[in-house]
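Asker: With chain D fixed as given, assemble chain L onto it according to the hints.
So the sequence lines, in the order shown, correspond to chains D and L. So for the first sequence, the working numbering puts the first residue at 1; every next one is plus one. So for the second sequence, the working numbering puts the first residue at 1001; every next one is plus one.
Since the hints were derived computationally from the structure, they do not count as laboratory data. None of these values were measured; they are calculated from a predicted model. Every residue gets a Cβ at the ideal spot worked out from N, C-alpha and C, and that includes glycine. You may find that some hints are simply not true.
[As the list claims (entries may be wrong)] Label-pair ranges, simulated between beta-carbon atoms:
(1) ARG1155/L - ARG39/D: 23 to 33 Å
(2) ASP1225/L - GLU41/D: 15 to 25 Å
(3) PRO23/D - PRO1037/L: 42 to 52 Å
(4) ASP1107/L - ARG39/D: 23 to 33 Å
(5) ASN1058/L - ALA27/D: 23 to 33 Å
(6) LYS19/D - GLU1151/L: 43 to 53 Å
(7) GLY24/D - LEU1292/L: 52 to 62 Å
(8) GLY1093/L - ARG39/D: 23 to 33 Å
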Amino acid sequence: MPEPSDPGDEAVPVSERIKGAEPGLIALLDEAEQTWRGRSERPGWRPFEDAFPTFYQFTNRPR
Amino acid sequence: MVSPSWTGMRGIAQVPSYVIMQPTTLCNLDCGYCYLPLRARDLRMPVPVAEAVAATVNAWAAVAERFSVVWHGGEPTSAGRAALADLMAPFDGVEHHIQTNATLVDDEWCEFFAGRGVRVGISVDGPRELTARRVARDGRPAYGQIMRGVEALRRHGIPFAALCVVGDPRPGLAAELYAYFLDLGCYALGINVEEREGVNVRDTAFPGAAVRAFWAELTGAWRADPRIELREVEWALRYMGATRAGTDDELLPRRIDPIPAIGYDGSVVLLSPELAGFSDPRYGDFSSGNVLRRPLREIVAGVAAQPDGWIGEYLTGVEACRASCPYFGFCGGAHAANRYFEHGRFDGTETDHCRNSKIRLLEGVLDYARAE
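Just chain D, same shape as in the assembly (with noise of 0.2 Å):
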């Protein structure tokens, strides 16, 4: 079982730890989400792993 892995990991599972967030991951959130609709707004713009295939390491993409 990978958690506790790394020296700092906290004992509280990690989607725990992200709904308790605090005020900077709240912060990092919505801008992150401002810059995604501003690329929305781009013409013929698409979603970046929508863009990228060799992304097959990372989401196994498709739904």
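Answerer: Below, chain L alone, put in the same frame as chain D:
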């Protein structure tokens, strides 16, 4: 504690969203971390292989919103424009992508890409000193040639993505890399922390704290100037946003994309193209068939319906990840090639790649946010 509720990545999809085509095994470079076993040999894909693949792919593409054919695995431009044009010709209604080291890209190649709407991804690892392991066959650095290719793409206004291999993830490096790629002008960037796979057997057990600090620093660099679509960090942020919204279980695909990789000779390796060209007494050559003898749709559907051999073992491994790893909802399970090349089998769980590129990524982004 592990969430028991992840519902994605169960079994293998009968239809992929893209295929990978190997027009030649040859690469004109000899990079220090390359996993390809046949890159010094020029084994060419004959047109009948492309025709056989297209017979299935064109039907898939006709009913898909989009379908990609990715030319990769060896340096595709080494095959030459005429050969690549002949191989692309049978395809209809698809989007072509090429992953290239850019060293052979010139005005003629740019006209080729533009004329066919080919989407371009280049491979470069940062400034000259960080790209030092990208070398020609005579050992000379390839950086100058890569930059000439980039200049050609710029001259022709061809957008390009970039893949960057990081062999020494550590604090201090990420900001330098991100600034470099901003200047380079790529629209998207993927960071591949070096992996131990194929013929690359370098130890990739990097210090965890350094890797986390690398990702944290990269997050900050992106936040300061998010012009580049930064694959890993943005996916982590998307996952975090979905977790907070309670929709995280919808992010993973319902079924695993089989990702057919078609070798030069028509052999089909599913799930991890890095396995192509290898064999093992336990698993054979990892091939699920050959398009010259059986239609690709039958090969894929057959495996999806009855996954056995190494693929069945891999699916057991995915379930082990689901059952044991709190990061499964973000990751979807360790990749087949990483399991094999690190563990020697497919039903193990956590790999160096998991640690470096999934777990420490997520934790690094959290570290950054926590410090803000």
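Asker: All the hints need checking, so say for each whether the structure fits it.
Answerer: Now for the hints, and whether the structure bears them out:
1. In this structure, ARG1155/L and ARG39/D meet the distance hint of 23 to 33 Å, their C-beta atoms being roughly 25 Å apart.
2. Checking the proposed 15 to 25 Å range against ASP1225/L and GLU41/D shows it holds: the Cβ atoms sit about 18 Å from each other.
3. Distance hint for PRO23/D and PRO1037/L: a CB-CB separation of about 50 Å, consistent with the stated range 42 to 52 Å.
4. Taking the beta carbon of each, ASP1107/L and ARG39/D are about 30 Å apart, inside 23 to 33 Å as hinted.
5. About 47 Å separates the C-beta atoms of ASN1058/L and ALA27/D, a value inconsistent with the hinted range of 23 to 33 Å.
6. Range check, LYS19/D to GLU1151/L: Cβ separation about 47 Å, and the 43 to 53 Å hint holds.
7. GLY24/D and LEU1292/L have their C-beta atoms about 56 Å apart, which keeps the hinted 52 to 62 Å range intact.
8. With their beta carbons about 26 Å apart, GLY1093/L and ARG39/D fall inside the hinted range of 23 to 33 Å.
The structure fails to meet hint 5 from the earlier list, while all remaining hints are met.
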